[in-house]
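Asker: Sequence:
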Amino acid sequence: MTGTEFTDELGGVSLAGRYRPAVESAVTGGDLLTAVDSPYGPRVLIGDVRGHDVEAARLSTLATDCFRKHVRTMPDLVRLTTTLDARLTPELDDEGFVTAVLAEFAPGEVRLVNCGHPAPLRISRRMEALTPAEPGLPLGLQPDPRVQRARLADHERLLLYTDGLIEALDADGTAFPLDERVRAALTRPTLDDALEALHALLMAHTSAAPLRDDLALLLCQPSLPAALPSVPAARRPGERTGDRRISRG
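Sequential numbering of the sequence shown, starting at 14, is according to this note's numbering.
In case anyone wonders, no lab produced these hints; they're calculated from the structure.
Ranges of calculated distance between the beta carbons of each label pair, as one might list FRET restraints:
hint, residue 1, residue 2, range
1, D107, P190, 28 to 36 Å
2, R71, D205, 27 to 35 Å
3, A146, F19, 26 to 34 Å
4, D106, T203, 41 to 49 Å
5, R139, S220, 27 to 35 Å
6, E108, R225, 13 to 21 Å
Just so you know, even glycine gets a beta-carbon here, dropped at the ideal spot from N, CA and C.
Please work from the sequences and hints to get the whole structure.
Answerer: Next comes the structure, spelled out in C-alpha cells:
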C-alpha cells in the first residue's frame, strides 16, 4: 500500500494508521488523520475535505495544524470542535465543508464528536457502527457538536476511516461492503496485520484498480495493563501491618 503508514502507542492505546492520497504523486490529499497524547487522554482527528485538489490538501493541513495547536489545552471536545469550525469556515467557499470525527480515549470507553463523517466501527465478536443519536453537520456548516460516549474494552478495537473505504466500487458499481470478512480481517492478531488484511479485501473488491478517492484508516485498541508484582510493603521498626499512615502535605 503506497502512502503513509504508522504504528504508535499513546497513553495506553495502540494505534495503526494508513493514509493514501487519490493522486499517487501527492504527499497529502483531502483526507486528514492525526493522533496526539493530551492531558485528557489520547485524542484523534480523522476527516475528509470536500474535493481532491491542491486546495483540499491545503485545507486538510490547516485543519490538522489547528487540531494539534489546541488539542493539549482544551479539556472539552465540544470546544475543540467549535475551534476547528471557526478556523476552517472563513477558508471554505460556498460549497465547501469538512466531515470529521474527533475521538478521545479514556479507560473503558471512547468519547466521540461526529461532524457528518462515517461512523467508527467497534470490533469484537461482532462489528457495530457507533452512529450518533443525531446526525451532525460537517465543519464549515455551523455544526452543533455533541459528545457521544461508547464502551471500548481491552479486547475491542475501533476503526476510524474515511469514505474512500466504503465508496470504493467494483466493476459493477457496488460499494465495498462492511461485512463479516471485514470483521474477520480486523481481528487479526496485530493491528498492522489487520489493516493489511483489510486493504487486501479492498484491492480485491476493486480488482486492484487505483482507488479514485483519498483513503485514511486508523485502527485503535486499548493496551492491556501490565500486571504489577505483589510485593509486601516493608515495615518500619515497631510498626504492625495496617498501622502505616499516609502523610499529606
